[in-house]
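For the record, the sequence lines run as chains A and B.
If you count the first sequence from 1, position 12 lands on 12 in my numbering, and the numbers rise without skipping.
If you count the second sequence from 1, position 214 lands on 214 in my numbering, and the numbers rise without skipping.
Check before you lean on any hint, since a few could be wrong.
Residues of chain A clear of chain B, computed beta-carbon distances all greater than 10 Å [to be verified]:
hint: 1; residue: Leu35
hint: 2; residue: Ala109
hint: 3; residue: Ile152
With the Cβ distance kept under 7 Å, some of the chain B side facing chain A (calculated, not the full set) [said to hold, decoys possible]:
hint: 4; residue: Gly81
hint: 5; residue: Lys85
hint: 6; residue: Phe234
hint: 7; residue: Ile262
hint: 8; residue: Trp266
hint: 9; residue: Leu272
Just so you know, these hints were derived from the structure itself, not from any lab.
Ideal placement from N, C-alpha and C gives every residue a C-beta, glycine not left out.
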Amino acid sequence: MVAVNSFALTTAASHGEIWRLWSGHLVHYDLAHALTNALAIVIPLGFLDRRCRRAILLSLTIIAPAMSVILLAGAKFDEYRGASGLAMAVWVASALMLLRGSDRATGLALLLLAIAKLGAELAGVGHVWTAVASLPLAHVIGAWAGVVVYLIVRTVSRGDAEGAEKNSASPREPAPCSIEAHPLKPRSIPLSIEA
Amino acid sequence: MSRRIVAGLFVGLAVLAGCSFSRQIHRRSNLMSYLYPRAAEAPQPSTEGVRLRLPMRIGIAFVPPEATNGQFRMMNADLPGTVEKRLLNVVRDAFRSRDWVSDIVVIPSNYLMPGGGFANLDQLSRMFGVDVIALVSVDQFQSSDPYPISFLYLSIVGAYVLPLDHNDTRTLIDAAVFYVPARRFLLRAPGQSQITGHSTAVEVQQSMRERSYKGLEMAMTDLSRNLSKEVDSFKKDIIGGERNDVDVINKQGTSIRTSGSIGWLWALPLLLLAGLRRWWP
Numbered sequence: 001m002v003a004v005n006s007f008a009l010t011t012a013a014s015h016g017e018i019w020r021l022w023s024g025h026l027v028h029y030d031l032a033h034a035l036t037n038a039l040a041i042v043i044p045l046g047f048l049d050r051r052c053r054r055a056i057l058l059s060l061t062i063i064a065p066a067m068s069v070i071l072l073a074g075a076k077f078d079e080y081r082g083a084s085g086l087a088m089a090v091w092v093a094s095a096l097m098l099l100r101g102s103d104r105a106t107g108l109a110l111l112l113l114a115i116a117k118l119g120a121e122l123a124g125v126g127h128v129w130t131a132v133a134s135l136p137l138a139h140v141i142g143a144w145a146g147v148v149v150y151l152i153v154r155t156v157s158r159g160d161a162e163g164a165e166k167n168s169a170s171p172r173e174p175a176p177c178s179i180e181a182h183p184l185k186p187r188s189i190p191l192s193i194e195a
Numbered sequence: 001m002s003r004r005i006v007a008g009l010f011v012g013l014a015v016l017a018g019c020s021f022s023r024q025i026h027r028r029s030n031l032m033s034y035l036y037p038r039a040a041e042a043p044q045p046s047t048e049g050v051r052l053r054l055p056m057r058i059g060i061a062f063v064p065p066e067a068t069n070g071q072f073r074m075m076n077a078d079l080p081g082t083v084e085k086r087l088l089n090v091v092r093d094a095f096r097s098r099d100w101v102s103d104i105v106v107i108p109s110n111y112l113m114p115g116g117g118f119a120n121l122d123q124l125s126r127m128f129g130v131d132v133i134a135l136v137s138v139d140q141f142q143s144s145d146p147y148p149i150s151f152l153y154l155s156i157v158g159a160y161v162l163p164l165d166h167n168d169t170r171t172l173i174d175a176a177v178f179y180v181p182a183r184r185f186l187l188r189a190p191g192q193s194q195i196t197g198h199s200t201a202v203e204v205q206q207s208m209r210e211r212s213y214k215g216l217e218m219a220m221t222d223l224s225r226n227l228s229k230e231v232d233s234f235k236k237d238i239i240g241g242e243r244n245d246v247d248v249i250n251k252q253g254t255s256i257r258t259s260g261s262i263g264w265l266w267a268l269p270l271l272l273l274a275g276l277r278r279w280w281p
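So here's chain A without its partners, still in its complex pose (with noise of 0.2 Å):
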């Protein structure tokens, strides 16, 4: 049996073990502990359409490993388990395109949230109703992570509805995540009743 201890992020990441990099954010110390950090995924990514979810989690593959260098170099731990980095990049990112698109009290209270749950970890009490004590570093992080995966998935949503328009002769493909175009409300069953 491989110890999880081989997959958590630790400064031997800088030493060969770069798997590390990106495993460290997918082990956890116990049931809870993965459990909150799923929710905080799985909640905001529910609240977007199925393409915008996967230019997320397709961007996720990137940007977890640069917060890890990021964490490696900025905060001083001897290891670091757990998904809240990349939960709190997932969160800010939802609320970004939420905010953008006609879901905008979603969006709003997404954004709301994180900023609440940055703000009292800063302030040293971030260890409420936790079995884990987070390092607020890692969401910080995280964050900005979630600005950056938005803009991302926004420049690129753009650049291929611009190239569809001029295009226009051939069939337009759908964009990864095309925000305007997309009002990201939930999905609902049409009705269509045939006299």
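Starting from the known structure of chain A, fit chain B onto it as the hints suggest.
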């Protein structure tokens, strides 16, 4: 006359049959009687918090055996030095690669005095330059019982070639880890094993000795696994603040009480938001 011969034969058979008998061996060392030989005078742990500095140099030793045991025949509970070192190396090898360990020092058990307590541990701590010592206590029970057909041993040759003794070796090992300067218990982990087998009458002693060592080795391997889990759990308790009496200082000189966690306080409002959006779109 013939009756006397028949009676003599029966007596002879009964005596020879007596060559085959049950054996029970108990090997035991008790942590409590080593650390607290006089329970009423047991030293109180220091009220000061423990600060463990990484990477740690850790000592590991077998608790010296208890002097007497009335119920069972006692095997000499002192393990041969080579066997003892081999067994302790099982744990040492399992933890050597951990980045929080700088070295694991095997302390020979003849340096530990029966009933030596923390005074003895203080000596060892200074002698080997370790603040944290893992004390391994053993409780091993072995029994060997002849099968009903072991009367075949009467043929003498049978005693050499027929494996008609069933023996059972049950081993329970416990490792308790202490921070010696503060006399503070940190964590514990168990390890266990069970071996059953057969042997001929003349090989019982040797077979039981070999199975004793094998059982101890298997239990030490199990102990290493459990100890690894306990260390993870211990670290989680420190990070989570459940062990406020202990702090771990990493190589950079800061506490390890950090990790990535959203926590229920923030996960629940998210759930509430999802619920609101679902029912009141």
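Tested hints:
{"no.": "1", "hint": "Leu35", "in the structure": "8 Å, violated"}
{"no.": "2", "hint": "Ala109", "in the structure": "6 Å, violated"}
{"no.": "3", "hint": "Ile152", "in the structure": "22 Å, holds"}
{"no.": "4", "hint": "Gly81", "in the structure": "31 Å, violated"}
{"no.": "5", "hint": "Lys85", "in the structure": "25 Å, violated"}
{"no.": "6", "hint": "Phe234", "in the structure": "11 Å, violated"}
{"no.": "7", "hint": "Ile262", "in the structure": "4 Å, holds"}
{"no.": "8", "hint": "Trp266", "in the structure": "5 Å, holds"}
{"no.": "9", "hint": "Leu272", "in the structure": "10 Å, violated"}
In this structure, the earlier hints numbered 1, 2, 4, 5, 6 and 9 are contradicted, and the remaining ones agree with it.
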